[in-house]
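Starting from the given sequences, assemble the full structure and let the hints guide the process.
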Amino acid sequence: VAEQALLDREDPEDAARYRLVLSGTIGVCLLIFAFGSALQSAVLDIGGKNIPVWHRLFANFVALALIVPGAWMLPIRTMSWRMRVPSLALLLIVGITARIGVERALGIHADGKLLPVPADTLPAAVAGIIGIIFGVAQAGYQDRLTQQARANARHALVAASALEALRAEERRVRREVADGLHGTLQQQLVLLSTRLRHTIDSLPPAEPSSATTAADLTWVKDELDRLRERDVRDMSRMLYPSGLDLGLSQASRMMLQRIPASIQVSARIDESVIAADDHSTGGIPFDLRLLATRVLEEGVANALKHGAANRLGVLLRVDEGDVLHIVVDDDGVGTSPSATESGLRLLRERLREHGGGLNLDSGPLGGLRLSADLPLTFGPEVPIGLSVST
Amino acid sequence: VKAEAGSPLRVAVVEDHQLYREMLVSALASQEGIAVTVTAAGAQEARALISPGSIDVAVLDVELADGNGVALGIQLRRKDPNVGVMLLSSHDVMELLLDLPPDVRRGWSYLSKSSAVSIEIVTRALRATAGGRTVLDPELVHRAVPRRGSSLARLTPRQLEVLQLLATGLSNTGIAERLEISERSIENHLNLAYAALDLPKSQNSRVSAVLRFIEETSRG
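As they're listed, the protein sequences go chains L and H. Heads up: the first sequence is residues 1 to 390, going by the numbering used here. Heads up: the second sequence is residues 1 to 220, going by the numbering used here.
Quick caveat, the hints were computed from the structure, so don't treat them as lab data. No residue lacks a Cβ here, since even glycine has one placed at the ideal position from N, Cα and C. One or more of the hints may lead you astray.
Derived Cβ-Cβ restraints for the label pairs, each shown as a range [stated by the list, open to error]:
1) H:T37 x L:L346: 47 to 55 angstroms
2) L:Q188 x H:S90: 14 to 22 angstroms
3) H:Q203 x L:D179: 48 to 56 angstroms
Next up, the structure:
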């Protein structure tokens, strides 16, 4: 951070802006005073000597012509306050001394003596101090604003790439665990089951206790097979739905394909989904794809579990405003929305986090209609192994 | 589409798993009338090595380390409309064939690495694919059950059987031999099946019927 601040201090654009704001603010303040005090003195005819107004103006402008370029040239921005105060004071003294000199030369102050300092020097000095303080404050303020904007932009960038890294990491872990479940664990279970079968086969058939042991072991083996076939596979899919890498429409189709054939399914995956998920332009980001697949899964599972549906209607569509619509209709009877609702709470929250929502209503098939909206944001992320260059 | 009889079928094998690739290449090389002319370990290498007109059919792994077989297949096909594409995957991702752009939909096949597929079946599928047909993994086809209420469920058992064999890459003659009925009645069964499925007239009925088969079945 310190290094970054130092780099910003050396930014030539920032330095130029600082000079401009500082000398500009001082210039405007002094200009107002230069005109104001000259006119005031002339109108009130202070000293009663009928000094022409341009004489006073000229003296003021000489001071202004020294102070403003001085403020421009001095490296005030990079100075510490211990250097800044004396430098600016010196600048002011130079300007005021020059003003007095010019005033004396033009006979505004009759005698040629340097001291005592003329009475109207005090307001001029005060005006100068105010101008300088105002200028430094203004330039510093502008400087801080710029730095702030820059820091914000930097933070946003860091946050965005951190989020991206987090997404990629989540995805990697999900995939690894899913592959582990799908591969290693499944194979271990197959080996165990095979070994159990051999053990059952090798039990001496003559012994009466063998029959009950065999029945017991067979039960264990069947449970193991069921666990492997269903639970492990389901869990693997939950972590990383198959086809997710290939796109939302693929993941959806694969999910729908697994619905038992005895259930009538009319599914429409609109062309707009495939178009939105075009990998050559990055496609739908992984976490949104995962969420959408989860919504679809939940909708189908709910219809089958609670609604005991025989018929499903599924629609996936992306509208002109890049909002993904997922609709699952069922013909389930005896479904109460409240029973289904509780299971959907988490999904609804996750959809809301992304600016979407989820609704449960009575549907056209006689059962419920689950409709979810998910606004799509397209990141630069290109899925691993899916870059399509044409 | 296919090279004339006599000259061998030119095959490209793109697979990032070295052992699998080498085994596949040597198994294919042992087959009569097959010449593996290109082997590549990745999408980029394949794009560099395969020039239009140099191969008849490409065997592509879906999950390549540096890309994806589907995208590669689409590119190869657009450069050379005569190339057949056979996808290989260790997962059941047959649905991939449904989302292919319409201009490249003919002549895509799918075999699963985890199915018990013999080299004879691969060879037969390669020939059919090079001929513009769509061939599906036989094991997956036989496991597939038509979904209730779908157009596929309207077929008679015989029509469905014929369609299943068609989906595994058999020609009408091949189906006739398998079912021990005349080729003429196979044609009849197919025409009735096409009518029952109400296939789009504009496209190749054989390909459309196979795609419909994927769309309207469950493989549990």
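Q. So which of those numbered hints doesn't the model satisfy?
A. 3
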